[in-house]
Structure formats: C-alpha cells, structure tokens
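Take a look at the letters that make up each chain.
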Amino acid sequence: TGKLCCITNIIDQTRVLVDGPSSHVSRQALNIKSLHLTKYVLKLLPGARSKTVKKLWDSHDINKKWQESRWCKKIQAKHLRSKMTDFDRYKLVNAKQAFNRIVNHEYNRLKKKNKVQLAKKTKKV
Amino acid sequence: MKAKGNLREYRIIGRKLPSPTLKTPPLYEMHIYAPDEVQAKSRFWFFLRQLKRVKKSAGEIVECKVVNERKPLTVKNFGIWLRYDSRSGTHNMYREYRDLTRALAVTQCYRDMGAKHRARPSTIQIMKIKRLPAKECRRPHVTQFHDSKIKFPMVNKATKRLHHPRFTTSRPHTYF
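The listed protein sequences derive, respectively, from chains H and G.
Under UniProt numbering, the first residue of the first sequence carries the number 1, and numbering increases by one thereafter.
Under UniProt numbering, the first residue of the second sequence carries the number 1, and numbering increases by one thereafter.
In isolation and in its complexed conformation, chain G is listed as follows (with noise of 0.2 Å):
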C-alpha cells in the first residue's frame, strides 16, 4: 500500500460467492485505514485471506464505506496497536498519539513509523486503535498536553517563505 496524503477509515464487508453448496456464506467486516477506495479493498482481501479461507477471486464485496469521524473537531488521544516487519523480524507495537480524528491519527502513525523504524506502509498492519482518556495515557509525548493550563514558549519560527522575496535587504521576521 502506499500511504499518500491523509488516509481514510474504511468499513468493508466482504463474503464468499454463494455457491450450490454455501447459500448464505458468512460476511466477514473489516475496518481498513487506506488513502482510497481501491486500496482499501485491496487491504481488505490481503487480510481477510490470511484469516479465512476466501480469495478475491472467489469472493465478492458487499459494502465498502467511508466511516466519518463523529466529532473531527474535538482533540483526542489515541492508541494504536500494530505489527511491523523491521529488516530482521517482525513486532507488534504500541503507540500513542493526539489528533482529531481516527484516521488522521493512522496517518501520524505510518510516518512516524516510517521515520523512526524505516518501515514501509505495505509492512505495517494496524490491529487495533482505540480513543483514551486522558488517565489511560502512557507516553509522555502525549500526557504533557494533558494540562488545562499548558503553555510554551513558540521560540524562532524559521521563515516558511524562504524564497520570497530571495534576496533582500532588510531581515525576516522570526518572532511570533
């Protein structure tokens, strides 16, 4: 999978044709983080086919939905339960991280992980990601925002428009 710009949740439910001798089969749901539809199909028959025994092939799609967060507007912390291939093996991993939606914090986990252990996205599986108060934080990164009366100083900003103008002569401005 290629994890491009913001990923979204997908709700896909997806079964075995029905044959003569499976008139009903069983539909199998999966909530799949993808950037779009087609990938997310895709991640769905790759897992699906480790855990049952249907291929895409003979199987066909029932639904596939874009699941929209209930409140993208409100801060949340999130845990997420993954397993990684790294170059020698392969690991599950807990991690933690503060967005507004599920999916954005999806998106902050496959670059974190791509940054801090090199792992691609086709290696990365998601298991499980779950919203937490703030008491069932455990990563630092993530409980020192949880004080009402937080501040911090916004040191330096480098300029964003480095290039604009180029050359000049009086200096930027690196104050907030």
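With the rest of the complex left out, here is chain H (with noise of 0.2 Å):
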C-alpha cells in the first residue's frame, strides 16, 4: 500500500513483525518480499512496543523525511501519472510543447551564438 513501517522483530527468514503507529501501519507480522528496505534506521530493542516505535518516530521526525526524499516524490508522481484522464494528458502535452519551445529556442540561440563567434575566430585565424 506504499506506507512506511518500521521492523520491531524478525519472526524468520521470511517474516518480520512491522509496526507503523505514526503512518496509519497496524502491528503485524508481514513477508519480507512484500517490503523494501529504506534508509532510515530507528534504534530499537528487539519486539519493541508501539508506543516505544511512536516516540522515536516522531522524535527522528521520519514522516517529513520521508515526504522529502525523492523515493517518495517518485511514488507520488507515479500515483497522479495512474490517476490521469485523457483531458489531463492533453494538459501534459501542451505543458511539454511550451517547455521545450523556451528551451529549444534558448539552446538554438546559444549554438547560433557559438556559430558565429566560431566563424569569426577562424575568418581572424
């Protein structure tokens, strides 16, 4: 469902005990292959409670951390990309076509620049 949670204890192999009390994340026990790792490390002893997760949560503030890291801004913007209508998607192309006009015409600009300055400096040579 793309919540963080943090580990709290390993079961086995294969499952860990996860607990998300500040990201809407229910104690449970989930399979490895349904996380991914992230970087950020919370110092707990083993099989801690939630109300021990809450606190270290919110005193390492890892909601806002995560909110500005670019794994999140990427799931985000993935999630409105899935959530685009057809009258959006046009919104998209014309929002492109005005991009790329100023850039191309900045970058054609300068390489025109460039052109001359390089003829004059080989007419001189």
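Wrong hints could be hidden among the right ones.
[Said to hold, decoys possible] Derived CB-CB ranges, DEER-like:
| id | chain 1 | residue 1 | chain 2 | residue 2 | range |
| --- | --- | --- | --- | --- | --- |
| 1 | H | 26 | G | 56 | 17 to 23 Å |
| 2 | G | 6 | H | 78 | 30 to 36 Å |
| 3 | G | 21 | H | 49 | 55 to 61 Å |
| 4 | H | 87 | G | 146 | 54 to 60 Å |
| 5 | G | 146 | H | 70 | 35 to 41 Å |
| 6 | H | 74 | G | 147 | 31 to 37 Å |
Worth flagging that the hints you see were computed from the coordinates, not collected in a lab.
Glycine residues also receive a C-beta, built at the ideal position from the N, C-alpha and C atoms.
Reassemble the complex: the two chains are provided individually, in unrelated frames, and hints are given to aid placement.
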C-alpha cells in the first residue's frame, strides 16, 4: 500500500513483525518479500512496543524526512500519472510543448551565437 | 482432517450423556487445533474415543470455544511434541517453530510435516505444545534468530508480480 513501517522484530527468514503507529500501519507480521528497505533506521530493542516506536518515529521526524525524499516523490508522481484522465494528458502534452519551446529557443540561440563566434575565430586565423 | 488455511485453537469440553446409572458424567477437556469448529469437534471425538469409553453418539459437547492468543503481537518460540504415522510405522517427534501465536505455530508444523515427511494432517496428532524461552530452544533454525543484533542481507528478491506486465522492455527491480 506504499506506507512506511518499522521492523520491530524478526520472526524467521521470511517474516518480520512490523509496526507503524505514526503512519497508519497496524502492528502485524509481514512477509519480507512485500517490503522494501529504506535508509531510515530507528534504534529499538527487538520487539519494542508501539508506544516506543511512535516516540522514536516522531522524535526522528521520519514522516517529514520521507515526504521530502526523492523516493516518496517518485511514488507520488507515479500515482498521479496513473490517475491521469485524457484531459490531463492533453494538458500535459501542451505543457511539455511550451516547456520544450522555451528550452529549444534558448538552445538554438546559443548554438547560433557559438557558430557565429567560431566563424569569427576561424576567419581571424 | 484437512488443515485448510490457518488453524485455530479450540477448547472443547465433552462428556458422556447422563443416564439413570450415571447422573453426572465426568467432563473431559481437550485443546484441538483445527481450521473450523466442525473439524475441531470431530477431532475431539476421535481422540476421546481412543482414550475413554465414550462415542459421539453416546456423548455431548458441553463447550466448544475458540482460544485466542493472549499476546498475538509478540514473537514467540514454540516446542511441539507430536506423533505421526509414516509409511512404515508411527513415530514421536519434537519440533520447534518461531511464530506469533500457538495456532500459527501448529499450522506451520502441519505444513512442515507435509513438506518434510509427506505426513498428511489426518495422521498427525499434536501431543503437546509449549511456549519456550529462548534458552530452552534446541533447534538451530530457531536459535539462530535469538540475537538482538541480528543482521542478514536481503538477497535478490524474485519478482512477485511476474506477469504484470508479462512482456516489458525494462528489467524488473530485484533489489530491496
């Protein structure tokens, strides 16, 4: 479901006990295969209570760090893209065209300027 | 018995039907692990018939209740003593599992016995199940997790969604 949770204990090679009191994930056993590890680490003792997890989570402000991370932004962008209607796609095409128009105009201007300068240099020589 | 899905623990109390000679028959209690109440009651009579002179037709079930785990969100080690029939004879076994609840541990046991010994659920009898503190565990596959500083790499994970999409131009992510 794309939510962050904290691994509080390891059950066996394939399952872990997971908890996310500040991210709406109830304490439960999950298969490791359905998880992706992030870089955030909370220093807990194995099997720590939800209360401890919540305290550490909030003190390290994991929710804010996650929202600001590139990974989270990519997920949100992917989600937005999947929700696009045809009208949104039309708007996207027009926005891309406007953006590219500006970029290409500037690029071509610089290219032309460079060409002129190069011609001047070779002429001098 | 068919061990479908996750098993549940039932506490079943039964007795012989009262008769003129026996006004208050003794109560017998068993803890049975079964997928549902019907199979639990069936197993109850199966065992009780082996142990006492009472059949289902001459008896009644006084109580059949689901026993829930007291703390289903703490990881525990369980030792299970069981008896099963192999192709050549019947044997006792002691197995250990690490799980959250007794019922889940017994479910694991049934799956494990099926896998490793081809034992069908109807031939398996759970004699005893006990929650063990870490130092009493004997099996290495359980004691290897008794490490507060445990770490192991999460190796290349095979994609769960192999066929979504079935054909694609980009390689799937197999890293965590």
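Against the structure, the hints:
A hinted range of 17 to 23 Å for the beta carbons of residue 26 of chain H and residue 56 of chain G is inconsistent with their spacing of about 41 Å. Between residue 6 of chain G and residue 78 of chain H the beta carbon distance is about 34 Å. The supplied range of 30 to 36 Å therefore holds. One distance hint, 55 to 61 Å for the beta-carbon pair residue 21 of chain G and residue 49 of chain H, holds here, with the actual separation near 56 Å. Roughly 58 Å separates the CB atoms of residue 87 of chain H and residue 146 of chain G, a value that falls within the hinted 54 to 60 Å.
Roughly 37 Å separates the CB atoms of residue 146 of chain G and residue 70 of chain H, a value that falls within the hinted 35 to 41 Å. Separation of residue 74 of chain H from residue 147 of chain G is about 35 Å and conforms to the stated range, judged on CB atoms against 31 to 37 Å.
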